[in-house]
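Asker: Sequence:
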Amino acid sequence: MRRESFWRDSIVVAVIVVLGAYAVSLIANLGVGSVPASKAIETIGLILFLAVLILAFVLLLYYGDRAESIP
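If you read the sequence shown in this note's numbering, its first letter stands for residue 78, the second for the next number, and so on.
Simulated from the structure, these hints should not be mistaken for lab results.
Don't take every hint at face value.
[Said to hold, decoys possible] Cβ pair distances, simulated, as ranges:
#, residue 1, residue 2, range
1, L137, A114, 32 to 40 angstroms
2, A114, G141, 37 to 45 angstroms
3, L138, A114, 32 to 40 angstroms
4, L136, V95, 16 to 24 angstroms
5, L132, A105, 21 to 29 angstroms
6, I93, K116, 17 to 25 angstroms
7, G141, A105, 15 to 23 angstroms
8, S82, S115, 34 to 42 angstroms
9, E119, F83, 28 to 36 angstroms
10, L138, S115, 29 to 37 angstroms
[Unchecked claim] Here are the simulated lysine to any residue pairs, SDA-like style, with alpha carbons at most 20 angstroms apart:
#, residue 1, residue 2
11, K116, G97
12, K116, F126
13, K116, A100
14, K116, L127
15, K116, V95
16, K116, S102
17, K116, L96
18, K116, I104
19, K116, A128
20, K116, Y99
21, K116, L103
22, K116, V101
23, K116, N106
24, K116, A105
25, K116, A98
Note that the structure is predicted; figures quoted are calculated from it, not measured.
The C-beta atom is built at its ideal place from N, Cα and C for all residues, glycine as well.
Kindly produce the complete structure, drawing on both the sequences and the hints.
Answerer: Have a look at this one:
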């Protein structure tokens with residue numbers, strides 16, 4: 078594995094983990110009442126949308142690197 082792809086993948090994983098932790102904290106606060114349900118649902122939807130975009134981008138990069146390595 079090349080060093081650039083390792084750092085790129087590490088950054089993408091870190092972003093996904095942070096977004097996931099934020100979504101979990103919003104879900105946990107729904108019952109407490111500190112976060113309005115509509116705002117939490119809207120934010121969770123945005124987080125899921127961003128996660129899908131990031132996953133699609135990573136898959137495109139992965140298959141692009143894979144296609145370049147085939148002789």
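Asker: Is the straight-line distance between the alpha-carbon of K116 and that of A98 20 angstroms or less?
Answerer: 16 angstroms, holds
Asker: Does V95 sit within 20 angstroms of K116, going by the straight-line distance between their CA atoms?
Answerer: Distance of about 18 angstroms is within 20 angstroms: holds.
Asker: Is K116 within 20 angstroms of L127, Cα to Cα?
Answerer: With Cα atoms ~16 angstroms apart, K116 and L127 stay inside 20 angstroms; holds.
Asker: Keeping to a limit of 20 angstroms between CA atoms, is the pair of K116 and S102 held or broken?
Answerer: Holds, because 13 angstroms separates the two Cα atoms, which is no more than 20 angstroms.
Asker: Need the status of pair K116, I104: alpha-carbon distance at most 20 angstroms?
Answerer: Answer holds: K116 to I104 is near 11 angstroms, not above 20 angstroms.
Asker: Confirm or reject the claim that A114 and G141 have a C-beta distance inside 37 to 45 angstroms.
Answerer: Distance hint for A114, G141 holds at roughly 40 angstroms.
Asker: Take a quick look at whether K116 and F126 sit within 20 angstroms of each other, Cα to Cα.
Answerer: 15 angstroms, holds
Asker: Check whether the Cα positions of K116 and A128 lie no farther apart than 20 angstroms.
Answerer: With Cα atoms ~18 angstroms apart, K116 and A128 stay inside 20 angstroms; holds.
Asker: Decide if the proposed pair is consistent with the structure: K116 and N106, CA atoms, cutoff 20 angstroms inclusive.
Answerer: Given pair K116, N106 holds - Cα atoms ~11 angstroms apart, limit 20 angstroms.
Asker: Using the C-beta atoms of G141 and A105, is the stated range 15 to 23 angstroms upheld?
Answerer: At roughly 38 angstroms between Cβ atoms, A105 and G141 fall outside 15 to 23 angstroms, so the hint is violated.
Asker: Would you check the hint for K116 and L103, treating anything up to 20 angstroms between C-alpha atoms as holding?
Answerer: Holds - the C-alpha atoms of L103 and K116 are around 9 angstroms apart, at most 20 angstroms.
Asker: Is the hinted pair K116 and A105 satisfied, with a Cα-Cα distance of at most 20 angstroms?
Answerer: 13 angstroms, holds
In the structure shown, a violation is registered for the earlier hint numbered 7 alone.
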